[in-house]
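> Each chain, letter by letter, is given below.
2 protein chains.
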Amino acid sequence: MVDVKLLGLWYSPASHKVEWALKLKGVKYEFIEENLQNKSPLLLESNPVHKKIPVLIHNGKPICESMIILEYIDETFEGPSILPKDPYERALARFWAKFLNDKVGAAVNTFLHKGEEQEKGKEEVFEMLKILDNELKDKKFFVGDKFGYADIAANFVGYWLGVFQEASGVELVTSENFPNFCAWRDEYVNCSQVKEYLPPRNDLLAFIQAYAQASASKT
Amino acid sequence: MVDVKLLGLWYSPASHKVEWALKLKGVKYEFIEENLQNKSPLLLESNPVHKKIPVLIHNGKPICESMIILEYIDETFEGPSILPKDPYERALARFWAKFLNDKVGAAVNTFLHKGEEQEKGKEEVFEMLKILDNELKDKKFFVGDKFGYADIAANFVGYWLGVFQEASGVELVTSENFPNFCAWRDEYVNCSQVKEYLPPRNDLLAFIQAYAQASASKT
Numbered sequence: 001m002v003d004v005k006l007l008g009l010w011y012s013p014a015s016h017k018v019e020w021a022l023k024l025k026g027v028k029y030e031f032i033e034e035n036l037q038n039k040s041p042l043l044l045e046s047n048p049v050h051k052k053i054p055v056l057i058h059n060g061k062p063i064c065e066s067m068i069i070l071e072y073i074d075e076t077f078e079g080p081s082i083l084p085k086d087p088y089e090r091a092l093a094r095f096w097a098k099f100l101n102d103k104v105g106a107a108v109n110t111f112l113h114k115g116e117e118q119e120k121g122k123e124e125v126f127e128m129l130k131i132l133d134n135e136l137k138d139k140k141f142f143v144g145d146k147f148g149y150a151d152i153a154a155n156f157v158g159y160w161l162g163v164f165q166e167a168s169g170v171e172l173v174t175s176e177n178f179p180n181f182c183a184w185r186d187e188y189v190n191c192s193q194v195k196e197y198l199p200p201r202n203d204l205l206a207f208i209q210a211y212a213q214a215s216a217s218k219t
Numbered sequence: 001m002v003d004v005k006l007l008g009l010w011y012s013p014a015s016h017k018v019e020w021a022l023k024l025k026g027v028k029y030e031f032i033e034e035n036l037q038n039k040s041p042l043l044l045e046s047n048p049v050h051k052k053i054p055v056l057i058h059n060g061k062p063i064c065e066s067m068i069i070l071e072y073i074d075e076t077f078e079g080p081s082i083l084p085k086d087p088y089e090r091a092l093a094r095f096w097a098k099f100l101n102d103k104v105g106a107a108v109n110t111f112l113h114k115g116e117e118q119e120k121g122k123e124e125v126f127e128m129l130k131i132l133d134n135e136l137k138d139k140k141f142f143v144g145d146k147f148g149y150a151d152i153a154a155n156f157v158g159y160w161l162g163v164f165q166e167a168s169g170v171e172l173v174t175s176e177n178f179p180n181f182c183a184w185r186d187e188y189v190n191c192s193q194v195k196e197y198l199p200p201r202n203d204l205l206a207f208i209q210a211y212a213q214a215s216a217s218k219t
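Protein chains in written order, with the UniProt record's numbering: chain H, 1 to 219; chain V, 1 to 219.
Because the hints were derived from the structure by calculation, they are not lab data.
Bear in mind the structure is a predicted one, so any value in this text is a computation, not a measurement.
It is possible that part of the hints are untrue.
Since the list can't tell identical chains apart, any single copy or any two copies may satisfy a pair.
Once the Cα atoms are required to be at most 27 Å apart in a straight line, the calculated DSS-like pairs of lysine-lysine come out as [said to hold, decoys possible]:
| id | residue 1 | residue 2 |
| --- | --- | --- |
| 1 | Lys-51 | Lys-103 |
| 2 | Lys-85 | Lys-139 |
| 3 | Lys-61 | Lys-122 |
| 4 | Lys-51 | Lys-139 |
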């Protein structure tokens, strides 16, 4: 019996990345919703270094860090490949996944703050979107013509970013500023590998708005 | 004919990571020393997103980001494996490599600054070393009993960190504070896969001292 548990959060893009990979492979898993205000003993013992979700637990062994979990899933389970087969294309997929993971999330979070911090964040996101806009010209997916590793890593810019914009009132992404990025994004959220697996937009928006208000009341 | 070029810097741990991987595999390559004050057109066109070394150019195709280059080298060239074969061990190797790359370098750089920034950096490095000290108990290598991916990623803490300490006067790593880490480090710098490939300590120390002085004179 395959024993796969995922410790995650319904609103977390990192958690969803792992869920997408499991669903692509057709792996049955138990999703365990964590509570960041009161982390479970299972999370703390499974990821003692970072104490963060997502954690995949496969036959009792924990694997941490979303993009490392994706590689593990790809190497462990049968089903459609997540990474390309060709080493050079694999390197490109890992390059864009790293870019999307390292840079974009933290900068977009500043949209929920105000003043100087938000302005700096907006500038950073603008520069990143210029890079993505240039890369995504006439492209449906990041590498080759196949949905995969980098596209899963792109869920934050493809979906969450728009919700952050609406919650914060920041309007950075327009089809005038970033026509290629917007064309890609509109295809992205409607492709079958993505559309079925997204958290409901209204729920996500309400959550991020509540989070922004709670942050503002603390400062 | 294999055409492999590496754009790098003699004092860069990231650059050395790639060199170690190429040497482990026995791949012949041309090393091209870059000048960060006057980056070559080849670097700018090979890594237009980050404009950083190292870049591996294999048969005219550029691959960027040191740890992604290592995976590419492992998947492309014959010779001893850099990553373990087992998917779970691969995930562990990637986990520690990411920890070592994402966290440690930036914090250690603050040793060369003064005051609050240095104090904050020291605290961060102390916490990281506690984690590494715990992990490295009775271990010669990070994963399994074999030198590989995470050990190559550890070159900064294994060698450069000591030189940064000497250049800055910060003394954080002692065998009383971190006995397991120090035992690992002393084995590490003397193992054959490491010792032959390190830049000369005196040259590195002189370079980092000069860099620290130049930074101090600007503030």
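> Each of the hints needs a verdict: does it hold here or not?
To see whether the hints hold, each was checked on the structure:
Taking the shortest alpha-carbon separations for Lys-51 and Lys-103, both the intra-copy value of 21 Å and the inter-copy value of 15 Å come in at or below 27 Å. In this assembly of identical chains, the alpha carbons of Lys-85 and Lys-139 lie at most 27 Å apart only when taken from the same copy (19 Å versus 34 Å across copies). Taking the closest pair of Cα atoms, Lys-61 and Lys-122 never come within 27 Å of each other, the shortest separation being 40 Å inside a single copy and 33 Å across copies. Taking identical chains as interchangeable, the C-alpha atoms of Lys-51 and Lys-139 lie at most 27 Å apart only when they sit on different chains, with a minimum of 23 Å there against 37 Å within one chain.
In this structure, the one hint that does not hold is number 3.
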